[in-house]
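Student: Keeping their order, the protein sequence lines are chains A and B. Just so we're aligned: 38 in the numbering used here is position 38 of the first sequence, and the numbers increase by one with no gaps anywhere. Just so we're aligned: 3 in the numbering used here is position 3 of the second sequence, and the numbers increase by one with no gaps anywhere.
Worth flagging that the hints you see were computed from the coordinates, not collected in a lab. Possibly wrong hints are sitting among the right ones.
[What the hints assert, rightly or not] Which residues of chain B face chain A? A partial, calculated answer using Cβ under 10 Å:
#1 L46
#2 Q62
#3 A92
Even glycine gets a Cβ: it sits at the ideal position worked out from N, Cα and C.
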Amino acid sequence: QQQVKQSPQSLIVQKGGISIINCAYENTAFDYFPWYQQFPGKGPALLIAIRPDVSEKKEGRFTISFNKSAKQFSLHIMDSQPGDSATYFCAATNSGNTPLVFGKGTRLSVIA
Amino acid sequence: SQTIHQWPATLVQPVGSPLSLECTVEGTSNPNLYWYRQAAGRGLQLLFYSVGIGQISSEVPQNLSASRPQDRQFILSSKKLLLSDSGFYLCAWSTRGLSEKLFFGSGTQLSVL
Numbered sequence: 001q002q003q004v005k006q007s008p009q010s011l012i013v014q015k016g017g018i019s020i021i022n023c024a025y026e027n028t029a030f031d032y033f034p035w036y037q038q039f040p041g042k043g044p045a046l047l048i049a050i051r052p053d054v055s056e057k058k059e060g061r062f063t064i065s066f067n068k069s070a071k072q073f074s075l076h077i078m079d080s081q082p083g084d085s086a087t088y089f090c091a092a093t094n095s096g097n098t099p100l101v102f103g104k105g106t107r108l109s110v111i112a
Numbered sequence: 001s002q003t004i005h006q007w008p009a010t011l012v013q014p015v016g017s018p019l020s021l022e023c024t025v026e027g028t029s030n031p032n033l034y035w036y037r038q039a040a041g042r043g044l045q046l047l048f049y050s051v052g053i054g055q056i057s058s059e060v061p062q063n064l065s066a067s068r069p070q071d072r073q074f075i076l077s078s079k080k081l082l083l084s085d086s087g088f089y090l091c092a093w094s095t096r097g098l099s100e101k102l103f104f105g106s107g108t109q110l111s112v113l
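Produce the complete structure using the sequences and hints provided.
Tutor: Following this line, the structure appears as structure tokens:
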């Protein structure tokens, strides 16, 4: 199955809190797992990505945790800020010319 | 640097009218090109992708078609729009053989009335 299941659909976090978004995949051939961030009225943009040879990748306040055996990966946003309010998409692919498979998205709202 | 142009930004069309959305990429050669639709501001539905001129893969059978007349030009068309065609249409590109990193355009908000 070429599905990526993402949860939750929406998330409200207090400013300064930790936002956590989870994704699960089925295809064990997937070898690249990116997260995209989309602001209203804009196209998504690549935020951070990970390959299955590492269990964690951190870029600033954004961290991907990857569990190969469970076929799950998650995005953690530390010290969440109102400017982080956006829709986040996880995705997966087995590279080459195969298009990314996207999750359904999580709408994050960070409130002060 | 590479840039992607997508127009128009917004479009209001009556049911049954034709559609043509154009997307062009600059600063790269032989890109993979994609059309996505996003309904109700949520999920990204892949409509078409192309790995070369004249090569179109359709992911979802529907009222739309795509063409790639030039290496860096991708066109989304419809002969007769339906109400259900309303949505946010996004064009994207990736390096040939590296579909993992997508670069999206700014999108077209299509309202079919």
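Student: Evaluate each hint against the coordinates.
Tutor: Hint by hint, here is what the structure shows:
no.: 1; hint: L46; result: holds, 6 Å
no.: 2; hint: Q62; result: violated, 17 Å
no.: 3; hint: A92; result: holds, 7 Å
Checked against the numbered hints given earlier, this structure breaks only hint 2.
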